[in-house]
Amino acid sequence: MADNLGTSPDEVQFRFRDDDPVDHGTVTVDSALEQTNANAVRIEPGDDARLLLPFLDRLALVEVNFPAFGDGRGYSAARILREAGYAGELRAVGDVLIDQLSHMRRCGFDSFAPDKRLDEDDAARAFATWENVYQRAADARVIIADKRHEA
Amino acid sequence: MYRYDQYDQAMVDARVEEFRDQARRRLEGKLTEDQFKPLRLMNGLYLQLHAYMLRVAIPYGTLNAHQMEALADIAEKYDRGYGHFTTRQNIQYNWIKLEDAADILADLSKVEMHAIQTSGNCIRNISADHFAGAAADEVVDPRPYAELMRQWSSFHPEFTYLPRKFKIAVIGSETDRAAMRLHDIGIRIVKRDGEVGAQFFAGGGMGRTPMIAPMIRDFVPLDQLIIYAEACLRVYNRYGRRDNKYKARIKILVHELGAAEYTRQVEDEFAHMLSVGIEPPREELARIAAHFAPPAFVDGPKTLDRSDPDFALWVDRNTHRHQHDAYVSAVISLKPAGGIPGDATADQMRLMARLAKQYSFDELRVMHTQNVLLPHVRIADLHAVWSALDEAGLGSPNMDTIEDIIACPGLDYCSLANARSIPLAQRISERFAASGRTAELGELKLKISGCINACGHHHAGHIGILGVDKKGTENFQLSLGGSEAEDVSLAKITGPGFDEDGVVAAVEKVTDVYLGAREDGERFLDTYRRIGMEPFKEALYGR
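First to last, the sequence lines map onto chains A and B.
Position in the first sequence (first residue = 1) + 20 = our numbering.
Position in the second sequence (first residue = 1) + 28 = our numbering.
Just chain A, same shape as in the assembly (with noise of 0.2 Å):
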């Protein structure tokens, strides 16, 4: 049976997709292993996001959950996931404050779910922070780097 963990999607604060939300919970990784017909899952900071890459074109959401700010595995899960090509709903969960915003997005976050709403001005400040970023991530943007070498 679904473990039924994570956010609902009334839980979800910020969304950067047009499909429909998923409207059940998540499992654990451990049992999205096992269970053939799972479709949403939830990570915690100590599980191998590369465990789920044989399973994801069955995945329609992954939970990351940030039980504290400062850990920041997340932000590889979220990377190795997009890398290997996941393209369903990539939602941050727990400990989500104004200042990761930016950063999550840019490692391949597309919502959001933080356990204390957010300030809305505040976010939409955080969210277009960087008008254009040095490093390659998940949510290929063009690097400065490459901007200055445009034809």
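Think of the hints as simulated: they come from the structure by calculation, not from any bench.
As the structure is a computational prediction, the values presented were derived from the model and not from experiment.
Incorrect hints may appear among the rest.
[To be verified] With a Cα cut of at most 30 Å, we get these calculated DSS-like pairs of lysine-lysine: (1) Lys-125/B to Lys-219/B; (2) Lys-193/B to Lys-136/A; (3) Lys-565/B to Lys-537/B; (4) Lys-167/A to Lys-138/B; (5) Lys-136/A to Lys-58/B; (6) Lys-138/B to Lys-385/B; (7) Lys-273/B to Lys-65/B; (8) Lys-219/B to Lys-138/B; (9) Lys-193/B to Lys-138/B; (10) Lys-330/B to Lys-273/B; (11) Lys-58/B to Lys-125/B; (12) Lys-273/B to Lys-136/A; (13) Lys-498/B to Lys-565/B; (14) Lys-58/B to Lys-193/B; (15) Lys-136/A to Lys-65/B.
Since the structure of chain A is already known, use the hints to place chain B on it.
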């Protein structure tokens, strides 16, 4: 040297505004102190014993006269008229008010400077050989690679909440003047059959568990440099320990996994990332390198008038061989006998700026030894430079001697310290300057840390001193035989510690042992390595 274009400037300006906004939200109570702390730290702002401390980045230690003047202005406008240069080529201001911090950052951005990632669990300011682009023994100038990595590591979206801080140093000579192998990642730029590439070392560090970084890759091609660094960081971000802050540095991960297993994981990640393709375009490295083209050196006299013995001594001690034989690099000592290592007043900063403009192609370097360098001085101009320095109290002829002490701020400023380092450094340099034995001892690197975190690099001192708290009183452990150079080694503790008077006497005793035992041309470190610890122990503790 590197100059910002509109993109670099916009990034730094955006960061100043972001910090202003964060400070506002903190004041409005929208951020708790726990939430605000990592944000202010990533902008270089620490809360110390008496006030806030602001650490300003000087990327790979390079700055121009205008920037040094701006640092002098900040010292006067927002601090008490001086600043403190650090072992990672930064400058710290010790008496800052929180409400001024955003304005200081704005002042810095006007001269292409910032305090980004000078603290916090992120990739810190990249350091480099302070003689880069000048040293006669240089194989490849490391600065373009350091700048490429500065940009890559600034606001890195994946690596801003690492297990712990992360320090990278880049050198381009066989000689190591940047303590490269005592960094989380050390990079030596090398040439193999005419091709330039990067040799990677990982997992070095000082602190409570000092480690020398093992080599993990002999040659990374230049167009894979960023990818390889990214792979090293990703393995660390995913698997570095987060359960115990004292075991969270990459050195513990590399040690626990073993260098071979860490390397294997990095190579796997690297192979994967090659397929993702994250390296900046090759032209970018060329664009950056063009900023570091050698200045227009001119031929001139290669010898000088040595009739003034004070000047001749300074030349012998404080100048370094240059790539062009009519030039030298000149070390400005921030270690006057009895002074505070690394401190400079605003007026001294302005003088150094003026000399750089007049005599060194508008360039200065902050050295990891807490001194300042004029990298390109004509031999013909040396006397004028020395005269000006000497008059301003900056002419101490003591580079790499026992007076050239590295010391952390210690209990005079730091909230982590167990003991004071500055007064001890002052007493030792005064003592040896007064006895006239400094010259006789030759190269002798003495380093003092006021606590186990080892900011004063005591593990890497030929003589190291560590201040500890022993039942409420300051106690000092003496160690011998460390080196941060290409002959890198970790110092060993001599035995029971000493009180402040006792450790000053102990330093004198071990130098006596050296003078009595040394053979021709041996430095203190060489003699120690030859005769071992016993004779020193005997002198210190024997009856």
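Verification of the hints:
1. The suggested pairing of Lys-125/B with Lys-219/B is violated, with an alpha-carbon distance near 48 Å, which exceeds 30 Å.
2. Only pairs whose Cα atoms come within 30 Å are accepted, and Lys-193/B paired with Lys-136/A is accepted, the gap being roughly 28 Å.
3. Straight-line distance between C-alpha atoms of Lys-565/B and Lys-537/B comes to about 10 Å, which keeps the hinted pair within the 30 Å bound.
4. The straight-line distance between the Cα atoms of Lys-167/A and Lys-138/B is roughly 23 Å, inside the 30 Å bound, and the hint therefore holds.
5. Simply put, Lys-136/A and Lys-58/B have alpha-carbon atoms about 12 Å apart, close enough for the 30 Å limit, and the pair holds.
6. Between Lys-138/B and Lys-385/B the alpha-carbon distance is near 19 Å, which keeps this suggested pair within the 30 Å criterion.
7. At roughly 16 Å between alpha-carbon atoms, Lys-273/B and Lys-65/B fall within 30 Å of each other, so this suggested pair holds.
8. For a cut-off of 30 Å, the pair hint linking Lys-219/B to Lys-138/B is broken: about 37 Å separates their Cα positions.
9. A distance of roughly 27 Å separates the Cα atoms of Lys-193/B and Lys-138/B; the hinted pair therefore holds under the 30 Å criterion.
10. The straight-line distance between the Cα atoms of Lys-330/B and Lys-273/B is roughly 53 Å, outside the 30 Å bound, and the hint therefore fails.
11. Our distance criterion of 30 Å between C-alpha atoms is met by Lys-58/B and Lys-125/B, whose separation comes to about 20 Å.
12. Simply put, Lys-273/B and Lys-136/A have alpha-carbon atoms about 27 Å apart, close enough for the 30 Å limit, and the pair holds.
13. Taking the CA atoms of Lys-498/B and Lys-565/B, the gap is about 21 Å. The hint holds against a cut of 30 Å.
14. Between the alpha carbons of Lys-58/B and Lys-193/B the distance comes to roughly 26 Å, so the proposed pair stays at or under 30 Å and holds.
15. With a C-alpha separation of about 19 Å, the suggested pair Lys-136/A and Lys-65/B falls inside the 30 Å cut-off, and the hint holds.
In summary, the numbered hints that this structure violates are 1, 8, 10.
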